[in-house]
Amino acid sequence: MKNFFQNEFISRLIDALLPVFATLAALGVGAVMLLFLKANPVEAYRALWVGAFGSTNAFAETLVKATPLLLVALGICISFRGDVINIGGEGQMIVGAILATWVGLTFTGLPGWLVIVLAMLAGFIGGGIWGGIPGFLKAYFNVNEILSTVMMNAIAVQFMNFMLRGPMIDPSQALLASKIPQTARLLEAFRLPRWTPTRLHLGALIAVVLAVLVYILLWRTTLGYRIRAVGQNPNASRYAGINVKRHVVLALLLSGAFAGMAGAVQVYGVNYRMITDGSASGFTGSAGFNGIVAALFGQLHPIWSIPASILFGALLVGANSMQRVVQIPSALVTALNGLVVVFVVSSEIWRRRRQRRRLAAAKEDDSPPRPDPDTPVKTEVSA
Amino acid sequence: MKNTVRLFVLFVLLALVVGACGAPATEAPAMEEPFRVAVVMPSAINDLAFSQSMYDALLRIQEDMGGSENFEIVYSENMFVVDDASAALRDYASQGFDLVIGHGSQYGSSLQEIAPDFPETSFAWGTTVDTFGLPNVFAYEAASDQGGYVNGVIAASLSESNTMGVVGPIETGDAKLYVDGFVAGAKATKPDIQVNVNYIGSFSDVALASEAANTHVSAGADVLTGTAQMVVGAIGVAEENNVLWFGTQSNQTSLAPSIVVASQVYHWEVVLAEIIELINAGTLGGQSFVIDLANGGEMIEFNPDYAVPAEVQALADTTIQGIIDGSIATK
Amino acid sequence: MISDLFSVTVLVGILASGIRLATPYLYAAIGETFGQRSGVLNLGVEGQMLLGAFAAFYVARTTGNLGLAVLVAMLVGAIMGLAMAFVTVNLHAQQGISGIGFYLFGLGLSDLLFQKMLGTVETVRGFPKIHIPVLSDIPGLGEIFFSQNLLVYAAYLLVPIAWFVLNKTTLGLKIRSVGENPEAADSLGVSVAGIRYFTIVLAGTLSGIAGASLSIALLNVFQQNMTSGLGFIAVALVYFGGWRPWGVLGGALLFSMVNSLQLWIQVLGIPIPSDIAVMMPYVLTILVLVATVSRVRGPSALTKPFERED
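Chains A, B and C supply the protein sequences, listed in that same order.
Under the working numbering, the residue at position 368 of the first sequence is numbered 385, and the numbers go up by one with no gaps.
Under the working numbering, the residue at position 96 of the second sequence is numbered 117, and the numbers go up by one with no gaps.
Under the working numbering, the residue at position 179 of the third sequence is numbered 268, and the numbers go up by one with no gaps.
What the hints contain is simulated information worked out from the structure, not anything from laboratory work.
Just so it is clear, the structure is predicted and the values come from calculations on it, not from any experiment.
Treat the hints with caution; some may be incorrect.
To be verified - Computed cross-link-like contacts, DSS-like style, restricted to lysine-lysine with a CA-CA straight-line distance of at most 25 Å:
hint: 1; chain 1: A; residue 1: Lys262; chain 2: C; residue 2: Lys393
hint: 2; chain 1: C; residue 1: Lys205; chain 2: A; residue 2: Lys55
hint: 3; chain 1: B; residue 1: Lys352; chain 2: A; residue 2: Lys196
hint: 4; chain 1: B; residue 1: Lys211; chain 2: B; residue 2: Lys352
hint: 5; chain 1: B; residue 1: Lys208; chain 2: A; residue 2: Lys196
hint: 6; chain 1: B; residue 1: Lys208; chain 2: B; residue 2: Lys352
As the list claims (entries may be wrong) - Between beta-carbon pairs, the in silico distance windows are:
hint: 7; chain 1: A; residue 1: Leu30; chain 2: C; residue 2: Pro362; range: 54 to 64 Å
hint: 8; chain 1: C; residue 1: Leu171; chain 2: A; residue 2: Leu30; range: 31 to 41 Å
hint: 9; chain 1: B; residue 1: Glu141; chain 2: A; residue 2: Glu25; range: 49 to 59 Å
hint: 10; chain 1: A; residue 1: Pro210; chain 2: C; residue 2: Met206; range: 23 to 33 Å
hint: 11; chain 1: A; residue 1: Asn57; chain 2: C; residue 2: Asn154; range: 47 to 57 Å
Just so it is clear, CB atoms sit at the ideal spot from N, CA and C, and this is done for glycine as well.
Could you build the full structure based on these sequences and the hints that come with them?
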């Protein structure tokens, strides 16, 4: 049994599953809260599981929830590896969605597939601008990105309110007294195809394809290399001739661009229009924040972010289902969300310790150490 | 460390086993089929505003029908994420509820999609008049401008500084209807009265709502009103400054019994009762309803502890009558 | 119409309003300054504020004792701070993200407790305005500066105290050194963990008071998510202020006064769309920072966990 756990593969598998264990621990604490609410934890968590995985439809819902998480996470992988913190995902999603929706409402004469492509591009551009501005301000004006992204989030919400109750309002709504702040519905042809009867849409596939592309970008292109280099050591990169400022801008810009796409995909795949209730999370579902968590679940690796997003999406979908079945206040779902984030983030330390112990054990097994010139001495990047 | 890992693996396996077999839900055999309602709301059921108005209405119907064995209410609150609300609506529909209510204008798109998939279920959408032409969707709206107008009339009559203030969330929908009605009523009573309007851009920023109220007070307002759940902040300021308050959506007297004059209370049960009757008779949708002063769906509830001068009360009554019989236009 | 803005009433109103509005930002941001100066980023401020706000409101409502309410709020904030400190210092968790987790937890828990222990929205008799004799009678200035409630005054007193502690005491020196170069500080015998625990718990305590200032002093009400983004703005203000208490004060005042200004713009009927008006404080904060082109560098060890090389 002892050897079973010391086996390299099993050991790495456990590392990969650590976030899952941490989630379970958080759910354990949640069970206490459920008891406080006079709900049955067993029944509640069974509902959570069933709600996320219990049927084809449930699993489809999980994937639908995971899609924007994955897209945002991809952007976060890029920005965090460039050592830039992007908490502006909410605003970037909104702006990307606005631009993408505008495309669909304006170019009504073009063929469906073309509009979809243009819309995705618009989402990319919109989010890119909204991320690029803080990037630019950071690189050239030393304005901290936490400050600028927090502000830009708030500005984006007001911009959305303005557009959706003004220039972009559904013409039929403008005539009614109720004046719901929403756009007109996108034409049938413009909507992302769905795998009926579920809500699973093409956006999920697009996200996975993009994940592969981001992996290629980060590890197989010069641009990706430079972003990572600037992230690990800006001074050394500068001496090596890399334009640090430009790559800081690019890191935030690309990060925002993916968040913008998440917004576009939500509009074209799920709602088929943009609606606002005045808050950011009403549209985004907090994907701008939760995507950061999903990226962390996936160790900031674009490919690992895929299962990470699915698992986190499952948690969110399942928790909502649990709320309905056991009729508990939705506040518990929020608190649970927070607990999971804290526990998972805290479990990182064990992964790092285990990794170090594995390295140390591997060194002991070798013959007397010889300095290997090809292996760079790299300290763990605590991203 | 290894023991901890072993424990975790065991825990996971345990969870899977529990999930897989779990006790089947035992259902007590129902004597008679209860009427089952599920409602999805964008804010809290105790927000003293929009969502509470619906929840309270459902509770009243439940009481009228003799309790939860005859009338089952299931709800999801704080569903401001449209996507999640969509999933909730679909989930409730698939569970065979008789009536699924989407209490929020932002849920329209979702209902438009979901309703056709569940032809046996009746859906209700508020606040709007659009039923999408679907046979199983009801629509309901509040003519909040009517109550707003009456509030405006009373407020203008009571104002001595001839300056009043309004605190609103975003300039759309139900909020805009109410505010426009209030201004119209005020101006109709005193054409020179100053009504300052402030939309703070959020449904939840209580601090900003209170500052907006402070601003109004500094500008000379001696009567305030507002709509949506963040106005609790404004009511607090009103109380502090001895400024009168007029409420809407729910009865807000409890928050500040010394200065709340009246509230336009939404009694959704008036239309809900009709809808339930129609469903029981086999009609699942295709009609839209409005609560207004005429059908009792909107009621101006006065604060019993505030003494309204007799002539103002009389004016209020005639205004209400005028709106009901159509002689007064509120917008 | 725009000229109306420059009347005395309006200007006094904006200033008085701005000073009031800035109070919770001040408490939270000064607390965050201490934390960040020691190298820790805490994005969970808003969760701490909400729990503190609820605790203070509940105690004030059930006992009527405002002082006790503030103490309980401080305790609640401190406990959340302890949890954050443990996760940050002992478990080396990724700080930005753990903060967001604590925020969500605090948001959910405060709402849950509110629903189960109170159930309805109601008001409480909070801290009354204190009119400083003589000074509060000065026209204009009197209303702005000398007729505020206790927690407002305390917030402003906090600024010079914080400045003094950070810059003129050994403790402040230790805090700053831990934030700049924890390895060096450690080698000189300063307990990095100890200092960080101190600053994080202090920040939590101050966030608790920030919440209390809302629920039992300024607004006298509790409602779920009543802070609505305030905590995040407070964190942003620390960057704006260049990690200096006086800078943070400037940021808080700027933000709050522009907020107050946009309210007046709407009240006076100046034809700016309401959404654009609401945007103003956020846009201006960025613009001012751009214009001042600050060269201030933050604490070098900010967000980097410290691990002793054993």
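Hint check, failures only: 10 and 11
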